[in-house]
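Colleague: Chains A and B are the protein sequences, given in the same order. Every letter in the first sequence is one number past the one before it in UniProt numbering, and letter 206, counting from 1, is 206. Every letter in the second sequence is one number past the one before it in UniProt numbering, and letter 42, counting from 1, is 42.
Since the hints were made in silico from the structure, they are not lab data. Predicted model, so just to flag it, every value in this text is computed and none were measured. Careful, some of the hints might be misleading.
In silico contact screen, one side only, chain B against chain A (beta carbon under 10 Å); selected entries [to be verified]:
| no. | residue |
| --- | --- |
| 1 | Asp-25 |
| 2 | Glu-27 |
| 3 | Val-28 |
| 4 | Asp-49 |
| 5 | Ile-84 |
| 6 | Leu-186 |
| 7 | Thr-208 |
| 8 | Tyr-212 |
Just so it is clear, CB atoms sit at the ideal spot from N, CA and C, and this is done for glycine as well.
Next come the chains, spelled out residue by residue.
2 protein chains.
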Amino acid sequence: MGSRHNGGASDRAALGNGGAPPVVDKEVDFANYFCTYAFLYHQKDMLSDRVRMNAYYNSIFRNKHHFHGKTVLDVGTGSGILAIWSAQAGAKKVYAVEATKMSEHARALVKTNNVEDVVEVIEGSMEDVVLPEKVDVIISEWMGYLLLRESMFDSVICARDRWLKPNGVMYPSHARIWFAPIRSGLVDRKENDLEDVIDDWHHFVEDTKDAYGVDMGVLTQPFTAEQRRYYLQTSLWQNLHPNQIIGTAAIIKEIDCLTASVNDISEVRASFSSPITLENTILCGFGGWFDVHFRGRKDNPAQQEVELTTAPSKDAGTHWGQQVFLTHPPSCVTEGDSVSVEFLMYRSKENHRLMEVELSCGVRQSSGNLLPPFKSKFHIE
Amino acid sequence: MGSRHNGGASDRAALGNGGAPPVVDKEVDFANYFCTYAFLYHQKDMLSDRVRMNAYYNSIFRNKHHFHGKTVLDVGTGSGILAIWSAQAGAKKVYAVEATKMSEHARALVKTNNVEDVVEVIEGSMEDVVLPEKVDVIISEWMGYLLLRESMFDSVICARDRWLKPNGVMYPSHARIWFAPIRSGLVDRKENDLEDVIDDWHHFVEDTKDAYGVDMGVLTQPFTAEQRRYYLQTSLWQNLHPNQIIGTAAIIKEIDCLTASVNDISEVRASFSSPITLENTILCGFGGWFDVHFRGRKDNPAQQEVELTTAPSKDAGTHWGQQVFLTHPPSCVTEGDSVSVEFLMYRSKENHRLMEVELSCGVRQSSGNLLPPFKSKFHIE
Numbered sequence: 001m002g003s004r005h006n007g008g009a010s011d012r013a014a015l016g017n018g019g020a021p022p023v024v025d026k027e028v029d030f031a032n033y034f035c036t037y038a039f040l041y042h043q044k045d046m047l048s049d050r051v052r053m054n055a056y057y058n059s060i061f062r063n064k065h066h067f068h069g070k071t072v073l074d075v076g077t078g079s080g081i082l083a084i085w086s087a088q089a090g091a092k093k094v095y096a097v098e099a100t101k102m103s104e105h106a107r108a109l110v111k112t113n114n115v116e117d118v119v120e121v122i123e124g125s126m127e128d129v130v131l132p133e134k135v136d137v138i139i140s141e142w143m144g145y146l147l148l149r150e151s152m153f154d155s156v157i158c159a160r161d162r163w164l165k166p167n168g169v170m171y172p173s174h175a176r177i178w179f180a181p182i183r184s185g186l187v188d189r190k191e192n193d194l195e196d197v198i199d200d201w202h203h204f205v206e207d208t209k210d211a212y213g214v215d216m217g218v219l220t221q222p223f224t225a226e227q228r229r230y231y232l233q234t235s236l237w238q239n240l241h242p243n244q245i246i247g248t249a250a251i252i253k254e255i256d257c258l259t260a261s262v263n264d265i266s267e268v269r270a271s272f273s274s275p276i277t278l279e280n281t282i283l284c285g286f287g288g289w290f291d292v293h294f295r296g297r298k299d300n301p302a303q304q305e306v307e308l309t310t311a312p313s314k315d316a317g318t319h320w321g322q323q324v325f326l327t328h329p330p331s332c333v334t335e336g337d338s339v340s341v342e343f344l345m346y347r348s349k350e351n352h353r354l355m356e357v358e359l360s361c362g363v364r365q366s367s368g369n370l371l372p373p374f375k376s377k378f379h380i381e
Numbered sequence: 001m002g003s004r005h006n007g008g009a010s011d012r013a014a015l016g017n018g019g020a021p022p023v024v025d026k027e028v029d030f031a032n033y034f035c036t037y038a039f040l041y042h043q044k045d046m047l048s049d050r051v052r053m054n055a056y057y058n059s060i061f062r063n064k065h066h067f068h069g070k071t072v073l074d075v076g077t078g079s080g081i082l083a084i085w086s087a088q089a090g091a092k093k094v095y096a097v098e099a100t101k102m103s104e105h106a107r108a109l110v111k112t113n114n115v116e117d118v119v120e121v122i123e124g125s126m127e128d129v130v131l132p133e134k135v136d137v138i139i140s141e142w143m144g145y146l147l148l149r150e151s152m153f154d155s156v157i158c159a160r161d162r163w164l165k166p167n168g169v170m171y172p173s174h175a176r177i178w179f180a181p182i183r184s185g186l187v188d189r190k191e192n193d194l195e196d197v198i199d200d201w202h203h204f205v206e207d208t209k210d211a212y213g214v215d216m217g218v219l220t221q222p223f224t225a226e227q228r229r230y231y232l233q234t235s236l237w238q239n240l241h242p243n244q245i246i247g248t249a250a251i252i253k254e255i256d257c258l259t260a261s262v263n264d265i266s267e268v269r270a271s272f273s274s275p276i277t278l279e280n281t282i283l284c285g286f287g288g289w290f291d292v293h294f295r296g297r298k299d300n301p302a303q304q305e306v307e308l309t310t311a312p313s314k315d316a317g318t319h320w321g322q323q324v325f326l327t328h329p330p331s332c333v334t335e336g337d338s339v340s341v342e343f344l345m346y347r348s349k350e351n352h353r354l355m356e357v358e359l360s361c362g363v364r365q366s367s368g369n370l371l372p373p374f375k376s377k378f379h380i381e
């Protein structure tokens, strides 16, 4: 056989548990997900994300009143950075829960940063951990691509419902998902790549018939489908330039972290229309991103609200980038045209931490003329 | 958080089940391993490997007497190619066992190639499958990197002990692992890459202290260890040029597929000395590869023996390539010098399909002078 190891998201499809409800095998979940966070190079990636770091740092130190003398729970503490900051901001006690062995590094950091009297690192999954008390603040950096990939907010909800005091505060307090039409050179490239792969397949089928007397033709259709999914139906990580946004961005989901239920976030359904704001450009697809806000709560607001946005930016990209969904073929649009979009995102049946997106859109030109509609399914992996 | 999905071999280390004996959770094994083989692009890779294809094709069609009118079991049939060839060579019945959904494609191939009366595709793991009869031949392409990675031969042994007739034949019948000293530009590159990553880490530690008041210095040692493992202690996939081999290659393992037990293959221990055969060159490490032979059995030999070798070759590379183990620093050697090697390979505790290698070597110059010895642990992932 001989395969480079590529365990991974879409691979789980091999289990093919078709229409069955998502079953979460903890061991498999660990092999597929948590493991990623057990590597320091990955922690370093996140700790080097200035936008991310500044937002959390400012949200804590500009709102010390939320932390001073308070009890804090950090869900998925990783290296422990948010727990340490919370302690430095005056927290009385910080419970830092981490599912992976990263907990050992967090413990070391807590010690060398002299907050070991305040921060207690607990290795375990949030769903299983038992705390000796309820907390005033739950802080967590739980956001995945397009906000909800990784489904980690489930653990934050679980923590909130079990351990947050009735008047407790969530950090962050609010989250939003954005979606906007974009232009991009990627469509042509991906379509060409796909074409090359399929051409190559046809030669392979011929060669195999000639050299080895076996006709592989019957696999052309499933191979094409598999490659189509890979090249055109899997969303792409991109750091878009703001000038690639060609229409008005729409908010397709708003989450109040204090009240949202797993039900509220396990499906995102949006229907909106976006005016094209650029002259004579090409609609190549859509970009999706998120922002979160640190506002405290109505009866205990932040002294200074902080925003963390992963929107396209000339100079302040994040490790989240944006998720790009390519529409094909691209269509010529111009100012005055309008793109109507139907968006549906839900969790993959094979892996609840991955997402599937059903996207359809149509362009109404200023003339009233309608361009042929686009409809496709995408996978966020 | 925000992570590209990178489930993968080394990730399993996150489970950190330390000294515990390998426990195989079937679901995890599927997520980590079998899944890979459920993709047609990967099957195509293997089906496009001419060395691999020609060897199996010739082994079957130049030894039809082993197949004509016989019952055959194909372990891990994948696309079904070996099963179809066996039928075309005159087999009376072929059981083609496949653990993944690839079985459905195999079924389609079997049908369109008009051997559905002979080939029965069975989806399931070899350990669980029950056949209605014993077979005359077991054929399987079970070889992983350095032969034993993937530990798939275990399933062939299980199939053999349960389903092969006393006088049955194994395809392939024999296997060997080779090891040889090499020169390569990779050592310098990898050492420089590691240096850059560590430099970058030091800046990161400074920045984090200055900008965010947290001292990460205590993680420098574990980060260095993690990156050292990645850059210098993980074997590399390479298609070596024969002129990179600078000493006599040694056989470090021989397997008789008819008699080998799981015990025989779960550890490879070798101690050998390899004369340097090039003048004024640099010992940069070692290359490992394998070959398998199709000889039938003593009392029922092949009419024409066939060999499948993955040795370094100018023009006949395979998708297996070779596994390269870098020794550092490189040492100058020349004809007349001799490298003594102690090699030990065993299965990873975290994932029984991956391998760990303990390698030590020393160079005795023709003058009798000994160069400083090298000793390191490697991971095959």
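Colleague: Against each hint, give a clear statement of whether it holds in the structure.
Modeller: Verification of the supplied hints:
Evaluation of the Asp-25 (chain B) hint against chain A yields a held restraint, the C-beta minimum of about 5 Å falling below 10 Å. Because the smallest distance between the Cβ of Glu-27 (chain B) and any Cβ of chain A comes to about 5 Å, under 10 Å, the interface hint for this residue holds. A cut of 10 Å between beta carbons decides the hint on Val-28 (chain B): the least distance to chain A is about 5 Å, and the hint holds. With a least beta-carbon distance of about 8 Å to chain A, the hint placing Asp-49 (chain B) at the interface is held under the 10 Å criterion.
About 6 Å separates the beta-carbon of Ile-84 (chain B) from the nearest beta-carbon of chain A, less than 10 Å, and the hint is met. Hint status for Leu-186 (chain B) relative to chain A: violated, with the closest Cβ pair at about 17 Å, above 10 Å. Because the closest C-beta pair between Thr-208 (chain B) and chain A is about 6 Å apart, less than 10 Å, the hint holds. For Tyr-212 (chain B), the suggested interface contact is upheld, since its CB lies about 6 Å from the closest CB of chain A, less than 10 Å.
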